[in-house]
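K.L.:
Chains H and E, in that order, give the protein sequences.
Here the first sequence stands for residues 861 to 1267, numbered as in the working numbering.
Here the second sequence stands for residues 5 to 404, numbered as in the working numbering.
A couple of the hints might just be wrong.
Stated by the list, open to error - Listed next, the in silico DMTMM-like pairs over lysine to aspartate or glutamate satisfying Cα-Cα at most 25 Å (straight line): (1) E:K123 to H:E1014; (2) H:K989 to E:E144; (3) H:K989 to E:D359; (4) E:K123 to H:D924; (5) H:K982 to E:E232; (6) H:K987 to E:E232; (7) E:K253 to E:D274; (8) H:K1008 to E:D356; (9) H:K904 to E:D359; (10) H:K919 to E:D274; (11) E:K206 to H:D1037; (12) H:K986 to E:E232; (13) H:K995 to E:E147; (14) E:K404 to E:E144; (15) H:K989 to E:D356; (16) E:K119 to H:D991; (17) H:K992 to E:E144; (18) H:K1004 to E:E232; (19) H:K1004 to E:E149; (20) H:K982 to E:D177; (21) H:K989 to E:E355; (22) H:K995 to E:E144; (23) H:K982 to E:D178; (24) H:K989 to E:D323; (25) E:K404 to E:E149; (26) H:K987 to E:D222; (27) H:K989 to E:E109; (28) H:K995 to E:E232; (29) H:K958 to E:E149; (30) H:K992 to E:D359; (31) H:K995 to E:D356; (32) E:K366 to H:D991; (33) H:K987 to E:D356; (34) H:K982 to E:D359; (35) H:K1004 to E:D177; (36) H:K958 to E:D359; (37) H:K982 to E:E149.
Hints were generated in silico from the structure; no laboratory data involved.
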Amino acid sequence: MTDNESTISSQNPLTSGSSPPPKKKRNLPGTPDPEAEVIALSPKTLMATNRFVCEVCGKGFQRDQNLQLHRRGHNLPWKLKQRSSKEVRKRVYVCPEKACVHHHPSRALGDLTGIKKHFCRKHGEKKWKCDKCAKRYAVQSDWKAHAKTCGTREYKCDCGTIFSRRDSFITHRAFCDALAQETARVTAATHAPNHINYHFLGMPQHFPSIFKPINDQTLDPIHELTHSTQDHHPPFANPSFSSLPPSTFYNLNWDTTHTSPNIPNHKEATVSSLFSTHQNQISSNHEAEASARMSATALLQKAAQIGATTTDPAMILGSFGVKCNDNGLDGNRLCGLYSTSSVTSGFGSDVESSVNENSAMNGQLQMYTCSKRRRVQSYEEEGGETRDFLGVGINPICHPSSINGWI
Amino acid sequence: MDANPKFLNPRGDMQPSTTTTSSSDSAAEGGGEAKWAAKLLRECAAAMSQKDSGKMHHLLWMLNELASPYGDPDQKIAAYFLQALFCKATDSGRRCYKTLASVAERSHSFDSSRKLILKFQEVSPWTTFGHVASNGATLEAFEGEPNLHIIDVSTTLCTQWPTLLEALATRTDDTPRLRLTVVAATAAVKSAMKEITPRIEKFARLMGVPFELSVVADLSKDSLTVREGEAVAVNCVGALSPNLIETMKWVNPKVVTVVEEEADFSSNRDDFVECFEECLRFHTVYFDMLEESFAATSNEKLMLERECLRSIVRVLACDGDDKVEEHERERGRQWSERLREAGFSAVAHSEDVVDDVRALLKRYRAGWSLVAAAEDDQTGIFLAWKEEPVVWASVWKPSK
C-alpha cells in the first residue's frame, strides 16, 4: 500500500517558531502515537470525497494538500493563509469495520487516505476489473496500476519454458519435473530469517500472498515460482550446485530454451534476484544490470558490517524506506540527513521507521525489512523502473562517488 | 496412456434446429469444393444404411484415394471416417476399437500425455473453459468453508487443480484445507495418477494449502469416505453418465460442476444416418479447431486427431451387442433433464465467473466465444468455436 503523497499531516514550520521543527516520530504501521487523537469515521464519511472544503468558494477537495494549494489561488491575506493557529493534534483513524484489526484504536492508521484505501481494499466492493485477466480491485488506483502491467509479464519456469499467460504457467509448474528438483535445492539453501520472505506479501498478483510455512519448503514459493536462469549461472555462484552440470540437472522433457540470462521483465528480475541472492548468499553478479544494483541481501550484510562501526549513518539509512526516484537526489538527501538529524516526510502511510531508535542491529534489520517491503510495493505499482531496493542509495555503496560523505 | 476417449475424442453433436450442411459448412473451411469429404462420406453412409453395397464400395474406394491423415482437414476427416465406415461394413468395429485402445495404452506414457494435454490447453480453451467455469463455481459454493472435499471424475488428468490451489492460496483470507479424491476408472488413469499425485501434492505444499489426495476406483461408499464438517463438491468433466448421477447422491454434495462436450450420440443410435451426420458434424468442427489452434506441423495435433478415431469407430461401428461404452455423450439439454429428474437443480454461473471465462477466451486466438444457454429449459454456458457450441459447462446442487 503505497501512498504517493509526500506528506501525511503537515507540520507547518512557521508555527513552530525559530527552532527546528520537532522530529516526526514514526511508528510501525497501525501502532499510533498514544497521544494522538483517534478519529472514527463512519464508512459513509470515510468514503466521501471532497471532505476538504475551501471556505472562500466552497469547492471541495479529496485531500487537504489539494485544498491548501487551491487556497493559495485566492490571494488570501497572510494571516488567513495559515491554518488555524490552535495546535493541531495528530490524528489517527480507525477502520469502521468491527471485525478488522484496525478497528481498535491501538491499531489505528495515521493517514486518512491510508485508512480510506485500507477500507476499500479489505472491506470494499471490488468495482474495478481488469479487462485482460478479470482481476478485481476495490481501489481505482490499484486497478490502474495493474492495468499498466497486465499481460506484459512473462513467467519463466525452471525448465526454461516461458509463458505469457499466468494460468498456463501455474498449471505447467505443477506438473513440471523441475519442481521436484527445486524444492530439494531450496531446503538446502534456506537459512534466512522468515520475516524477510513475508515482506513480499504486497504483491498478490504475482505470488501467493499468504505463505504458510508448513515446512521449510514453502518459505520460498516466490523463488520457486519465478526464479530464472539458475541453470545458466556459473556453478560457483551456488554452492549446492557446484557439483552438478546444469544441463543434466533437470529432467529435460521440455525444450529448454536457453535464453540469455537477461530476465525479460525488470520487476521480476529484481524480485527473483532478491530471493536468489538472499537464499544463496551471493550477489547476483551474473548480469550486468543486476550487479549495478547490488542484491538487497548483500547490502543488508554490508550495511550491517558498516553499521557495526558507525551506527548513526546506518540508522539514518535505514529510515529511508521510500522511493528514490532520482538517483541524483540520494546523495543530497543523505547529505541533508547527515547534517540535520531529522527525517523528512516522504513516507507513505504504513511504514514508519524511527530515526532515533538506538537499538542495535535488530532494530536496524527491522527497519531495512520494513522499508524493503515498501520499496517493493511501490516498485510494483509504479511501473517497474529501476530503483534501489532499500531506498538507501544502493548505488552510492556500489559507486561511492555519487554519494557525499557516506563512504 | 489412454486419456479417456470420451473427452479427448469428441463425439458429434447434432443441432436439430439447423440444417446440418450449413452448420458443418460454417465450421469447416470455406465452401464449395472444400466440402467434398462431407459429401462423399454422407453418400457412403446413406448407401450403407440402404444396403446398397455397390455404391458403398465405389464411394469407399473414392474416399480411400482422396483421404489422408496427414493432409488438410477435409482429407483427415475423410481418412478417419473412412476407417470407421470400413469397420462398419466389415462388421469389425469392436475388434478395431479394442486394437486402437490397446495401441494407445502402450504408446502413451505419462510424459507424452502430460505434454499433450498441456500443449492442448495452451493453444485451445477446449478444456480450460470448463476448468475455469467449474473452479469459479466451486470456489463460490465453498465460500467460508474450512474443510473442502472435491470428488473429481474427469478426463483432464488433474490439470484443473493447480489453478484452484493457487486461487485458494491467494484469494481466501484463511486458506481452507482441501481434500481431493480422484476417481480413476481405467488402469491407464490409475497409472497416470501415480505420477500426478506426488506432483500435485508438492505443488499444494508450495502454495501453502493443506492438501490430501487419494485415488479411488469409483464413487461407491466402499471406495471413498466423506468426513464430518467437510463441504463436498463433485467435479465431472467428460465423464457424466446416468449411473454416475445416481451414485453421486450419497456424498450429499454442496455443488456439482458438470462439463461435457456438446454432442448427442445416444438418442440417435438407432438411426445410422442421423448418428453419422452428428458424428461428422462435430468432428468437422473439432478438426477445424485443431487446425487453427496448433501449428501446421504439430505432433500434438496429430495425436489428438488420432485419438478421435477411437471414438468415431466406437460411435459408428459398435452398436447393439458390440457396444463398448455404457453410455454415449449427450447434449447439455439432455443431461439437464436427467439431472433434474435425479433431484438436482441448476445454479447459474455467477457474473464474476462468466467474466473470468470471457477473460480466459481473450487469452486465446480469435474464434472462441461464450454463449449463454438461450431457452428457458436450458442452463449453463457454452464454449463456442466459430459460433458453434462445442463444450457445455453447468452447475448443480441437490434440490432439497
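K.L.:
Confirm or reject each hint.
P.N.:
Quick rundown of the hints versus the structure:
For the hint pairing K123 (chain E) with E1014 (chain H), the CA-to-CA distance comes to about 17 Å; that is within 25 Å, so the pair holds. With a CA separation close to 18 Å, the supplied pair K989 (chain H) and E144 (chain E) stays within the 25 Å bound. Distance hint between K989 (chain H) and D359 (chain E) is fulfilled; the C-alpha atoms sit about 9 Å from each other, no more than 25 Å. With a CA separation close to 55 Å, the supplied pair K123 (chain E) and D924 (chain H) exceeds the 25 Å bound.
Restraint check for K982 (chain H) and E232 (chain E): the C-alpha separation of about 31 Å exceeds 25 Å, so the hint is violated. Restraint check for K987 (chain H) and E232 (chain E): the C-alpha separation of about 37 Å exceeds 25 Å, so the hint is violated. Taken as a hint, the K253 (chain E) and D274 (chain E) pair is broken in the structure, with Cα atoms around 31 Å apart against an allowance of 25 Å. Taking the CA atoms of K1008 (chain H) and D356 (chain E), the gap is near 22 Å; set against the 25 Å cutoff, the hint holds.
Distance restraint check for K904 (chain H) and D359 (chain E): the Cα-Cα separation of roughly 29 Å exceeds the 25 Å cut-off, and the hinted pair is therefore not satisfied. Between K919 (chain H) and D274 (chain E) the CA atoms are separated by roughly 78 Å; this puts the pair beyond 25 Å, and the hint is violated. For the proposed pair K206 (chain E) and D1037 (chain H), the alpha carbon gap of about 11 Å is at most 25 Å, so the pair holds. Distance restraint check for K986 (chain H) and E232 (chain E): the Cα-Cα separation of roughly 34 Å exceeds the 25 Å cut-off, and the hinted pair is therefore not satisfied.
Taken as a hint, the K995 (chain H) and E147 (chain E) pair is honoured in the structure, with Cα atoms around 18 Å apart against an allowance of 25 Å. Restraint check: the Cα-Cα separation between K404 (chain E) and E144 (chain E) comes to about 19 Å, which is no more than 25 Å; the hinted pair holds. With a C-alpha separation of about 10 Å, the suggested pair K989 (chain H) and D356 (chain E) falls inside the 25 Å cut-off, and the hint holds. Between K119 (chain E) and D991 (chain H) the CA atoms are separated by roughly 30 Å; this puts the pair beyond 25 Å, and the hint is violated.
Simply put, K992 (chain H) and E144 (chain E) have alpha-carbon atoms about 21 Å apart, close enough for the 25 Å limit, and the pair holds. A distance of roughly 44 Å separates the Cα atoms of K1004 (chain H) and E232 (chain E); the hinted pair therefore is violated under the 25 Å criterion. Distance hint between K1004 (chain H) and E149 (chain E) is unfulfilled; the C-alpha atoms sit about 32 Å from each other, more than 25 Å. Proximity of K982 (chain H) to D177 (chain E) is assessed by CA-CA distance (about 10 Å); at most 25 Å being required, the pair is judged to hold.
Between K989 (chain H) and E355 (chain E) the CA atoms are separated by roughly 12 Å; this keeps the pair inside 25 Å, and the hint holds. Between K995 (chain H) and E144 (chain E), the direct Cα distance comes to roughly 15 Å. Compliance with the 25 Å bound is thereby established for this hinted pair. Taken as a hint, the K982 (chain H) and D178 (chain E) pair is honoured in the structure, with Cα atoms around 14 Å apart against an allowance of 25 Å. A C-alpha spacing of about 51 Å is found between K989 (chain H) and D323 (chain E), which places the hinted pair above 25 Å, so the restraint is violated.
With a CA separation close to 20 Å, the supplied pair K404 (chain E) and E149 (chain E) stays within the 25 Å bound. Taken as a hint, the K987 (chain H) and D222 (chain E) pair is broken in the structure, with Cα atoms around 43 Å apart against an allowance of 25 Å. Restraint check for K989 (chain H) and E109 (chain E): not satisfied, since their Cα atoms lie roughly 45 Å apart, outside the 25 Å limit. With a C-alpha separation of about 34 Å, the suggested pair K995 (chain H) and E232 (chain E) falls outside the 25 Å cut-off, and the hint is violated.
For the hint pairing K958 (chain H) with E149 (chain E), the CA-to-CA distance comes to about 21 Å; that is within 25 Å, so the pair holds. For the suggested pair K992 (chain H) and D359 (chain E), the alpha carbons sit about 10 Å apart, so the restraint of at most 25 Å is met. Annotation: proposed proximity of K995 (chain H) to D356 (chain E) holds, straight-line Cα distance about 10 Å (limit 25 Å). Between K366 (chain E) and D991 (chain H) the CA atoms are separated by roughly 9 Å; this keeps the pair inside 25 Å, and the hint holds.
Restraint check for K987 (chain H) and D356 (chain E): satisfied, since their Cα atoms lie roughly 11 Å apart, inside the 25 Å limit. With a C-alpha separation of about 22 Å, the suggested pairing of K982 (chain H) with D359 (chain E) holds against the 25 Å cut-off. The straight-line distance between the Cα atoms of K1004 (chain H) and D177 (chain E) is roughly 24 Å, inside the 25 Å bound, and the hint therefore holds. Between K958 (chain H) and D359 (chain E) the CA atoms are separated by roughly 31 Å; this puts the pair beyond 25 Å, and the hint is violated.
Under the criterion of a C-alpha separation no larger than 25 Å, the hint pairing K982 (chain H) with E149 (chain E) is consistent with the structure, at around 19 Å.
The structure is inconsistent with the numbered hints 4, 5, 6, 7, 9, 10, 12, 16, 18, 19, 24, 26, 27, 28 and 36, although it conforms to all the rest.
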